Every structure is written in C-alpha cells, then in structure tokens.
Amino acid sequence: SQQGEEDPQALSIQEGENATMNCSYKTSINNLQWYRQNSGRGLVHLILIRSNEREKHSGRLRVTLDTSKKSSSLLITASRAADTASYFCATDGAGANNLFFGTGTRLTVIP
Amino acid sequence: SQTIHQWPATLVQPVGSPLSLECTVEGTSNPNLYWYRQAAGRGLQLLFYSVGIGQISSEVPQNLSASRPQDRQFILSSKKLLLSDSGFYLCAWSVGQEAKQYFGPGTRLTVT
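For the protein sequence lines, the chains are A and B, in the order given.
Each residue of the first sequence is one higher than the one before, counting from 1019 in the numbering used here.
Each residue of the second sequence is one higher than the one before, counting from 273 in the numbering used here.
Check the hints yourself; a few may be wrong.
To be verified - DSS-like, lysine-lysine: derived pairs with alpha carbons at most 27 Å apart:
(1) K1044/A with K351/B
(2) K1074/A with K1087/A
(3) K352/B with K1087/A
(4) K1044/A with K1087/A
(5) K1074/A with K1044/A
(6) K372/B with K1088/A
(7) K1088/A with K1074/A
(8) K352/B with K1074/A
(9) K1088/A with K1044/A
Honestly, the hints are just simulated from the structure, not real lab data.
As the structure is a prediction and not an experimental result, all values here were calculated from the model.
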C-alpha cells in the first residue's frame, strides 16, 4: 500500500507549545501535502511540499521533507486551542492521479 | 469562487436498503472528482475518482458504485447497503494536474 503513516497517533499539548507530527510513506512521490480535519468535518488543505524541496513555511506551519528517508514532519508553532484537529499527510505517488492519505495524528491543544 | 456541496449531511439506513449520495461542485469546469470513505478514527480510503463525464475509476472492490452524469455532479450509490458501509463519506475535487484537493463537508452514513 502507498498509504502513509503519521506518528504519533495522538498528541496533547498546552496552548503556546509547539506540536510536531511525522509522516512516513513507502513509494517515490512528486509532492506531499498536509491536511487538517476538524471533528466531523471535511479536510482542509494546509500546505504542499514538492519532492525537490526540503522545507516550506506557511504562517505558523513548517513542513520538512526527507525523500531519502521517505518521511515528512509538520511543525505547528505557538499552538492555539483552535488548532485542535486531526492532521493527515497525503502523497501522490509519482505518476498517480490520486492521493494516498495517512491514518492521521489527533492533536489536542489544552487552553 | 469554487464551492462543493454534499447531501445529505447525515443518513441512517437499514441494511439492504439503497443509497444515493450526491456531490456537486460550483465555480469550476471539468474538475477531477473523488469519493473517499473514512471509518471512525481512521484515515481516508479512496473509493472512486473521475476525470470526466462518464469516466469512473474504482480503487477497491466493494458494494458501492459511482456515476458522473454531469460535469460537476458525482453520485455514490448502492443497491443494497451492508453494515460495513457505515462511515463518513467525503467528496473532493481538483483541477487538472494540480495536486491539491478540496473537500466537501461530508455525509455521515450509519447502516443499522
């Protein structure tokens, strides 16, 4: 399966702390994306990093990609209670038309 | 701007009954369309995708089918629901080769 795996499955932190989530995948990719899902809602795209990029920033988000290790990390700095959600990585699989989602990290930010 | 609609938002159906979930996209033309299922506390499983009217690809063998009767309409169906069909069904769209997908609000299906 090309599906990625996030680690940890669940993470609980205090407001203001940083949250780091990791994603591992199995096949070569063109890009990797991170999505967020609030409970019972659809997914929202956060950030995309291409296979030739190593790091990307968007506001309080920082994503890294290590294609040699087939892994990525998502860092959320200065977390807020509103960041409480599940976070998923998704890979395209080189040449594929579809996205393959990981199992997600459930982040809880305690006010 | 583009928007995506799914209905119904929630659905409770008995085993053996038929199913029809609808997804429509506004504000874009010739989108790629996707149906995903998410089991409780799990990741997303791609069920079907479509790159054009009448063009449907299935990712997993199952009790469900999909149709795309119009450019921006994607329908998920079943003739007879199974208990295992329960889950959260998400529709998504993308454009061309752009990798980013845009998701609808989802339909919570409970088969009893």
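Consistency of the hints with the structure:
1. K1044/A with K351/B: violated, 36 Å
2. K1074/A with K1087/A: holds, 17 Å
3. K352/B with K1087/A: Violated, at roughly 44 Å.
4. K1044/A with K1087/A: Roughly 9 Å separates the two Cα atoms, so the pair holds.
5. K1074/A with K1044/A: holds, 21 Å
6. K372/B with K1088/A: Cα-Cα ~20 Å, so holds.
7. K1088/A with K1074/A: holds, 16 Å
8. K352/B with K1074/A: Between K352/B and K1074/A the Cα gap is close to 46 Å, so the pair fails against 27 Å, i.e. violated.
9. K1088/A with K1044/A: Roughly 7 Å separates the two Cα atoms, so the pair holds.
Of the numbered hints given earlier, the model fails hints 1, 3, 8; all others are met.
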